[in-house]
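**Q** Residue numbers (this note's numbering), protein chains in the order written: chain W, 1 to 410; chain F, 1 to 410.
One or more of the hints may lead you astray.
Copies of the same chain are indistinguishable here, so a pair counts whether it falls within one copy or spans any two.
Said to hold, decoys possible - Within a straight-line C-alpha distance of at most 25 Å, the following computed PhoX-like cross-link-like pairs (lysine-lysine) qualify: (1) Lys110 x Lys87; (2) Lys110 x Lys55; (3) Lys165 x Lys55; (4) Lys165 x Lys25.
Note that these hints are calculated values from the structure, not bench results.
Fair warning: this is a prediction, and the values are worked out from it, not measured in the lab.
Protein chains: 2
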Amino acid sequence: MALIVQKFGGTSVGSPERIEAVADKVLRYRAQGHQLVVVVSAMSGETDRLIGLAKAITDRPPPRELDVLLSTGEQVTIALLVMALEKRGCPARSYTGSQVHILTDSAHNKARIQEIDDARVRADLDAGRVVVVAGFQGVDAEGNITTLGRGGSDTTAVALAAALKADECQIFTDVDGVYTTDPRVVPEARRLERITFEEMLEMASLGSKVLQIRSVEFAGKYNVPLRVLSSFEEGEGTLITYEDEQMENALISGIAFNRDEAKITVLGVPDQPGIAHRLLGAVADANIEVDMIIQNIAPDDQTTDFTFTVHRNDYDRALELVRRVAGEMGAREVSGDNRIVKISLVGVGMRSHAGIASTMFEALAREGINIRMISTSEIKISVVVDEKYLELGVRALHDAFHLDQAPQSA
Amino acid sequence: MALIVQKFGGTSVGSPERIEAVADKVLRYRAQGHQLVVVVSAMSGETDRLIGLAKAITDRPPPRELDVLLSTGEQVTIALLVMALEKRGCPARSYTGSQVHILTDSAHNKARIQEIDDARVRADLDAGRVVVVAGFQGVDAEGNITTLGRGGSDTTAVALAAALKADECQIFTDVDGVYTTDPRVVPEARRLERITFEEMLEMASLGSKVLQIRSVEFAGKYNVPLRVLSSFEEGEGTLITYEDEQMENALISGIAFNRDEAKITVLGVPDQPGIAHRLLGAVADANIEVDMIIQNIAPDDQTTDFTFTVHRNDYDRALELVRRVAGEMGAREVSGDNRIVKISLVGVGMRSHAGIASTMFEALAREGINIRMISTSEIKISVVVDEKYLELGVRALHDAFHLDQAPQSA
Numbered sequence: 001m002a003l004i005v006q007k008f009g010g011t012s013v014g015s016p017e018r019i020e021a022v023a024d025k026v027l028r029y030r031a032q033g034h035q036l037v038v039v040v041s042a043m044s045g046e047t048d049r050l051i052g053l054a055k056a057i058t059d060r061p062p063p064r065e066l067d068v069l070l071s072t073g074e075q076v077t078i079a080l081l082v083m084a085l086e087k088r089g090c091p092a093r094s095y096t097g098s099q100v101h102i103l104t105d106s107a108h109n110k111a112r113i114q115e116i117d118d119a120r121v122r123a124d125l126d127a128g129r130v131v132v133v134a135g136f137q138g139v140d141a142e143g144n145i146t147t148l149g150r151g152g153s154d155t156t157a158v159a160l161a162a163a164l165k166a167d168e169c170q171i172f173t174d175v176d177g178v179y180t181t182d183p184r185v186v187p188e189a190r191r192l193e194r195i196t197f198e199e200m201l202e203m204a205s206l207g208s209k210v211l212q213i214r215s216v217e218f219a220g221k222y223n224v225p226l227r228v229l230s231s232f233e234e235g236e237g238t239l240i241t242y243e244d245e246q247m248e249n250a251l252i253s254g255i256a257f258n259r260d261e262a263k264i265t266v267l268g269v270p271d272q273p274g275i276a277h278r279l280l281g282a283v284a285d286a287n288i289e290v291d292m293i294i295q296n297i298a299p300d301d302q303t304t305d306f307t308f309t310v311h312r313n314d315y316d317r318a319l320e321l322v323r324r325v326a327g328e329m330g331a332r333e334v335s336g337d338n339r340i341v342k343i344s345l346v347g348v349g350m351r352s353h354a355g356i357a358s359t360m361f362e363a364l365a366r367e368g369i370n371i372r373m374i375s376t377s378e379i380k381i382s383v384v385v386d387e388k389y390l391e392l393g394v395r396a397l398h399d400a401f402h403l404d405q406a407p408q409s410a
Numbered sequence: 001m002a003l004i005v006q007k008f009g010g011t012s013v014g015s016p017e018r019i020e021a022v023a024d025k026v027l028r029y030r031a032q033g034h035q036l037v038v039v040v041s042a043m044s045g046e047t048d049r050l051i052g053l054a055k056a057i058t059d060r061p062p063p064r065e066l067d068v069l070l071s072t073g074e075q076v077t078i079a080l081l082v083m084a085l086e087k088r089g090c091p092a093r094s095y096t097g098s099q100v101h102i103l104t105d106s107a108h109n110k111a112r113i114q115e116i117d118d119a120r121v122r123a124d125l126d127a128g129r130v131v132v133v134a135g136f137q138g139v140d141a142e143g144n145i146t147t148l149g150r151g152g153s154d155t156t157a158v159a160l161a162a163a164l165k166a167d168e169c170q171i172f173t174d175v176d177g178v179y180t181t182d183p184r185v186v187p188e189a190r191r192l193e194r195i196t197f198e199e200m201l202e203m204a205s206l207g208s209k210v211l212q213i214r215s216v217e218f219a220g221k222y223n224v225p226l227r228v229l230s231s232f233e234e235g236e237g238t239l240i241t242y243e244d245e246q247m248e249n250a251l252i253s254g255i256a257f258n259r260d261e262a263k264i265t266v267l268g269v270p271d272q273p274g275i276a277h278r279l280l281g282a283v284a285d286a287n288i289e290v291d292m293i294i295q296n297i298a299p300d301d302q303t304t305d306f307t308f309t310v311h312r313n314d315y316d317r318a319l320e321l322v323r324r325v326a327g328e329m330g331a332r333e334v335s336g337d338n339r340i341v342k343i344s345l346v347g348v349g350m351r352s353h354a355g356i357a358s359t360m361f362e363a364l365a366r367e368g369i370n371i372r373m374i375s376t377s378e379i380k381i382s383v384v385v386d387e388k389y390l391e392l393g394v395r396a397l398h399d400a401f402h403l404d405q406a407p408q409s410a
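Using the sequences provided together with the hints, build the complete structure.
**A** See below:
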C-alpha cells in the first residue's frame, strides 16, 4: 500500500463527464490498496470566465480580490469530484487551500507555499477517505486567500506529497509521458520510463512543456518521485526521480528544441570589463528575457563578439535597444536573425562519456546543417541552426543516438 | 454617523454593470458619513448553474459538498463588488463566511448561525474600509463550509447587524417597500413607512414574500431595525421595528392574501380525544404542510367537523390520505375544495380595538362574498372565500379600512 498524491488539470476535469472519468480512475488506484490525495484545477474555461467578470469591472483588479475570485474555480471542482466519488460509494472529502491550511506568504497572485498542516489530511486517510484538495490556492498568516500563480496546481500536488512524505506524486496531463523528443517531429520518438529531475528541468525549459518548471524544482528539492501520466489513456507514464543505476546506461535522454528563438550579435565591441552588463542590463531593464549568451574573443584581441538569444516576440524591441547601446559603446556592427531555432541534447549520461558533442556535430554535418551557435552545460549541449533545419536536425540526432531504442545494459 | 449593514440580493448583483450600480449606491451612503458592511448573494442564475453541474453528476449530492460548491457563488460576488468599490477609490475588503467567522452548527444546507466574531469587521471599519461579506454561508466548529439555506443572505445581514449592534439593517430588494396590499390587485395600495415585526411576519407568511420569515424573526429577536428598500430606485422604503407610539393610530397595517390554498373538510367525526392528531399526523407524515386548522362542534354533540387547508399542489395527495384515515375512523363524509383563497387583515392595532371583525365581515357581505372559513389570531383575521372573489374582496377591505390613506392621529 502506497500513499499517492494525484493531480488532474483543467482539461481533465473540464466537464461533469470528465470529472466522473477522473473518479473512475481514482477508484482504480484505490482498488489496488493505495491511499489517495487528489489535487484538482479549475474546470477548463472557468478561470477565463472569472477573469472576464473582473475585467468587465476594472482593468486592474486588486490582487487580494482577484485571488478571492479565482480561488472559486478549484472550489467548484473539488465539490464535484467528491460528489462523483461518493456516488460510487467511495468516502471522500474536499478541502480548499485554506481549509487544509496550505500556508503561503502574502504575495497575492504569485504566493509561495511556506508550510502545510497535514494533520487533517492524515486523519481522513486513516479513516479510509479519499482527500480532494483545491490546487493553486492557499491562505496567508492573516487568513487571506492567496493563489500560487500559473501552474500552481502542480506545485500544490508536489508540496502536499512532500508534506505527507508520499510515495509518489502523479501528474495527469494530456500526454502519456515524457518523450525522447516531440513525436510530431520524430514519429519514432519513444516514451521514457524514467528521467532525472535535472534532465526534466532542461527538457521543460527548452520547450517540452509537460510540467511546470517550479513544481519539478520543488519535487527535486524535497525528493518527491514525480510521475507524468495521461488522464485519458492507461499507462505507466514517465517517472522523474534522482539518478540511479538503472539510468546510467543512457547517454542521452532526449532532444528538446525551441522554435521561438531569435539571436542578436554585436561585433567588435571594445573588450573591457562591464561590457556584458551594459548590453544585457539595458535588455533586462526592458523586461526582455535572455536565453543563451555567448561571447567570443575576436582575432585582434582588442575587441570581442557578443551574441545572445531572446524570444522571437521580443526581437524587434531588443534589436533596436541593442543598436542604440552598441552605438554608444563604439561597437563595429550589430546584426540579428529571427529565423533560427535551438536544438538541445539532454542527458545526465553525458557527464561521464566523452564524444557526445563530436557525434552530435558529425550527425548535423552529414545532413549539411550549419551550426550557428553552440552552448553547453553539464547535462546538455545546445546548438542554434537555421529555422529550416529544425525537423531534419532533430531527426538526424534522434537517429544518431538511437533514441528510438530503449538503452541497453552497458 | 451610523453603522449600517446592507444586503443586496442576486438580482441586484446579477451582472458586472449591476454590481457597479451597487457600488455607486454604497458610496452614496458612505458619503453621508456612515460605516458600511455589505452582504451580497450570488449573482442571479449562478446558484442554478452550480446546482446544474452537481445534478449532472448525481441526483443526491452529499450535503457537505453541495455547500462547498454553492458557497463559491457569493465568493465571486464579494470579490467583484470590492473591485468595483476600489476602482472608485473606496478602500474595501471582502470576506467569506468562513473568514469573518460566521460560526454555524453543522446542519449542511440549512445551518443556523451560532456566533459571529466581529473583531475583524470592526478593525476594518475603524480603518475606514467598507466590509463586504458573502451571505448565505458560514463555517462550523470543525472548519467545514456550511450554507444557511433559502433566504440565507438576509439572515447573514441581520445576524451581522445584531453582532455589530448596527443602527439599521437594510435589505435591498426589487420592491421599494412593504405595501398595504399587492398593488397589482389594488392600485391604491400604499407603501407603509413603518410596520412591526409581528405584522411583517404575518404579512410574509401569508404571501407578501418580501423578506424571508427567518430573517424577520431573527431581527425581532435581537431588536435589529430592519429596512426594506429598492435596489433600483431611490426612497425610504419601509422600516420594520417594534411597536412605538407612532404606530398605535393604525388599526390595520395591511391585507395579505394567498392564492395557493385548498381546503379539506371531514364531517361527522366521532368527537374523541386524539382525533385531530390521527387525521393531521397522517398528513404531516407525508410531508404535507398544513396552514389553517378549524374544528367545530357539530349540533348533535356526538360528532365534530374538522377542516384544514394545505398548499394547492398537495391537495390531491392530502385528500386521498384523509379519505383513507377518515374511513377508518368512521367519519360521515370527506369533502374538499381547491378553488379557494385566503384573505387576511393584519395589524397590531386590532388588539385594542373592537369592531374590526364586524367591519370586515360587513364589507365582504356588501359585495355578496360568502365566507367559507374564519380564523383569528391576536393581530390578524383570516377568511377563506371562493377563488373568484379574491380581487373583489381585497379591494373591498382596502377601501373599508381606508388603507389608501396614511393613518391620522387619533
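**Q** Taking the numbered hints from earlier one at a time, note which ones the structure violates and give those numbers from smallest to largest.
**A** 3
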